[in-house]
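Engineer: The lines below spell out each chain.
2 protein chains.
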Amino acid sequence: MANFITLFADKPLNLVLGGSLSSITVAYQTYGSLNEDKSNAILLCHALTGDSEPYLDIESDNKGWWQNFIGSGLAFDTDKYFFICSNVLGGCKGTTGPASINPDTNKQYGSLFPIITIQDIVKVQKALLDQLAIPHLKAVVGGSFGGMQATQWGIYYPDFMDNIVNLCSTLSLSAEAIGFNHIMRQAIIHDPNFNGGDYYHKAPPEKGLKIARMLGMLTYRTDIQLTKAFGRETKRSSEFYGDHFQVESYLSYQGEKFLSRFDANSYLRLLRALDLYDPALGFENRQDALSRIKARYTLVGVNSDQLFKVNDIRQSKQELEMAGIPVEFYEIYSVFGHDAFLIDYEFFAPMIKQGISK
Amino acid sequence: MANFITLFADKPLNLVLGGSLSSITVAYQTYGSLNEDKSNAILLCHALTGDSEPYLDIESDNKGWWQNFIGSGLAFDTDKYFFICSNVLGGCKGTTGPASINPDTNKQYGSLFPIITIQDIVKVQKALLDQLAIPHLKAVVGGSFGGMQATQWGIYYPDFMDNIVNLCSTLSLSAEAIGFNHIMRQAIIHDPNFNGGDYYHKAPPEKGLKIARMLGMLTYRTDIQLTKAFGRETKRSSEFYGDHFQVESYLSYQGEKFLSRFDANSYLRLLRALDLYDPALGFENRQDALSRIKARYTLVGVNSDQLFKVNDIRQSKQELEMAGIPVEFYEIYSVFGHDAFLIDYEFFAPMIKQGISK
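Sequence lines, in order, name chains A and B.
Going by my numbering, the first sequence opens with residue 1, and the numbers climb by one from there.
Going by my numbering, the second sequence opens with residue 1001, and the numbers climb by one from there.
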């Protein structure tokens, strides 16, 4: 069970692209113990549809999104470190987002929820750490959307952490990935239930959200993995429009499962934050922003990643280096593509251990 | 202007997966002249959304889908060969498809149009050639969906052609590509205008079809090409849900343009024919089917192709060779990915010339 805290109760958070939010609730979870000199705290930043609980107690039927990575002696060693993870601003896992009550109207925000950015998300995380009286981080670690947060931490608060670990992510999203996000958005907003985002207390835009999730899933995995898992296997009862092949059934199941755990408005807000992320925002230019980073920077790319392509990750490495930031760079192969950082423990554990240990 | 012919007027075509169609209209076009001994005819098979006219007269404002490939001295040399191209069964470019009048009801087929396969498409093409009194083909050439047709020609009518040229296509679709087709189908059938496929004389499912086309476009191109063309350029008037980035505007434009030239029901039928294609259909097994091929077989893969991945094309090469079919295999790089066979004349012209010349 996550912890909840209210921040910005006295003074609203002014958002980077305009508007403000006050009385922001943040859901967070911690693992391990903070040592006496408060030098062993590590912030874990979740990916697009993650939450504040990368590890769930064994009693739970469910597993956290980094369940196998966190524990005694593991990549995220709870004997050594104190881990904090919070749900992002704009999310739907306990932190204030479009489904939260707007104090101005006493109704759910819906369409009135402002545009948020990675920069805003990071500011809320910093306010959380301030509230928890954590003065310094050993490391900020994130994959995908979380990797962008880790980079932004280094830019905004360069003295606050020793290490940044960015897994399967770039300094900004590619045109192709923006294209996939565009298609997902169009599927949601053209669902007749969407109603401009004001669908709470009515039927939500489930068909559109399901299509979006299915498309997301394809970009997170690889053709090789899908061929291994499903190939051209068919189901016994075939349908012309529906699930004739097993891979269709798999995608439909994944899409359906997502409906119970995610809000379409949050998905739209976070997708756009992903598109919009640019380290240069608020600085002269990208190099000016990146050159602020003081932490040791570890960057890992997966060469089968279909969303954050390894060419783009290599380019991010170059941009960091041109800004004077030395990068510990790893490029690995995994059959799982983008999702490798959530699945391939054996590959990632040594790099994570190394990346957070300075 | 295409030519039209009616086939199966006396005896219906029994479809491979059940059902039948009679009085099938076929739209076709020819280029060049058939020589005296009728030995220079080449069949061109179009891809998913193509038509019977790969080349359009210069007076036309539009260009055919192989406009730059066809002409005097070109890859498809109209001085040497006689080219025939027809719109596929189930299409919406003049050949009988779901939008055609069902003679049993005197209404458009809509939801009543049967499931068609590549095998059925090829049978109709063969009936067209018989009607045109063409006894033999110098070559059958196709890319993508058209490449599957070319393979099936070699299986069904092994003595009918000297050469098969299969560009950017495999012997069957991968799980991932079926997944993309599944998502496109779901977008169309969940458009509230779809009405099970009976939307003629009403508003068509344009939003769903537009989403499907946008997704198709992303799989036909490459991240590198989109980065070169659009990168992270934004439009002056930005929209939160809509076209903030140029790549979004490009996709929206492509999706919109598609609506005036394609019918959703045809798109659904042809997508499924793509999924379902299996050379083994009607034979003991795949090897049994493939071993029937007598023509020289040329296979070209593009290593940036995101839809027909080069690994799968290599596997098709192996399967053909295991069935005793020697394959002239080329693997090229193009920034255009799957669409390279429609765009990259310089790369493809020598392989096409070679492939049709035996």
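Mixed in with the good hints there might be a few duds.
To be verified - If you anchor each label on the Cβ, the simulated ranges turn out as follows:
#, chain 1, residue 1, chain 2, residue 2, range
1, B, Tyr1200, A, Pro192, 14 to 24 Å
2, B, Gly1018, A, Arg261, 38 to 48 Å
3, B, Asn1285, A, Asp61, 52 to 62 Å
4, A, Arg314, B, Tyr1200, 24 to 34 Å
5, A, Pro192, B, Asn1106, 28 to 38 Å
Claimed, not checked - Cross-link-like lysine to any residue pairs, in silico, SDA-like; alpha carbons within 25 Å at most:
#, chain 1, residue 1, chain 2, residue 2
6, A, Lys202, B, Leu1112
7, B, Lys1228, A, Lys202
8, B, Lys1202, B, Gly1094
9, B, Lys1235, A, Glu284
10, A, Lys228, B, Leu1281
11, B, Lys1228, A, Leu129
12, A, Lys235, B, Leu1112
13, A, Lys235, B, Gly1094
14, B, Lys1228, A, Lys235
15, A, Lys80, A, Ile115
16, B, Lys1228, A, Arg314
17, B, Lys1235, A, Asp61
18, A, Lys202, B, Asn1193
19, A, Lys235, A, Lys202
20, B, Lys1228, A, Glu256
21, B, Lys1235, A, Glu256
Hints were generated in silico from the structure; no laboratory data involved.
Just so you know, these numbers come straight off a predicted model, no measurement behind them.
For each residue, glycine too, the CB sits at the ideal point set by N, CA and C.
Engineer: Now, for every hint given, state plainly whether the structure supports it.
Structural biologist: Verification of the supplied hints:
1. B/Tyr1200 to A/Pro192: 14 to 24 Å: 21 Å, holds
2. B/Gly1018 to A/Arg261: 38 to 48 Å: At roughly 41 Å between Cβ atoms, A/Arg261 and B/Gly1018 fall inside 38 to 48 Å, so the hint holds.
3. B/Asn1285 to A/Asp61: 52 to 62 Å: 43 Å, violated
4. A/Arg314 to B/Tyr1200: 24 to 34 Å: Given about 51 Å between the Cβ atoms, the range is violated.
5. A/Pro192 to B/Asn1106: 28 to 38 Å: 32 Å, holds
6. A/Lys202 to B/Leu1112: 35 Å, violated
7. B/Lys1228 to A/Lys202: 43 Å, violated
8. B/Lys1202 to B/Gly1094: 21 Å, holds
9. B/Lys1235 to A/Glu284: Within the cut-off at roughly 21 Å; holds.
10. A/Lys228 to B/Leu1281: 22 Å, holds
11. B/Lys1228 to A/Leu129: Status violated; Cα separation ~41 Å.
12. A/Lys235 to B/Leu1112: Holds, at roughly 23 Å.
13. A/Lys235 to B/Gly1094: 34 Å, violated
14. B/Lys1228 to A/Lys235: Roughly 41 Å between the alpha carbons, so the hint for B/Lys1228 and A/Lys235 is violated.
15. A/Lys80 to A/Ile115: The hint is violated at about 38 Å.
16. B/Lys1228 to A/Arg314: 16 Å, holds
17. B/Lys1235 to A/Asp61: Roughly 47 Å separates the two Cα atoms, so the pair is violated.
18. A/Lys202 to B/Asn1193: This hinted pair holds, its Cα atoms lying about 21 Å apart.
19. A/Lys235 to A/Lys202: Not satisfied, since the Cα-Cα distance of roughly 34 Å exceeds 25 Å.
20. B/Lys1228 to A/Glu256: Between B/Lys1228 and A/Glu256 the Cα gap is close to 36 Å, so the pair fails against 25 Å, i.e. violated.
21. B/Lys1235 to A/Glu256: Violated - the C-alpha atoms of A/Glu256 and B/Lys1235 are around 34 Å apart, more than 25 Å.
The earlier numbered hints that this structure contradicts are 3, 4, 6, 7, 11, 13, 14, 15, 17, 19, 20 and 21.
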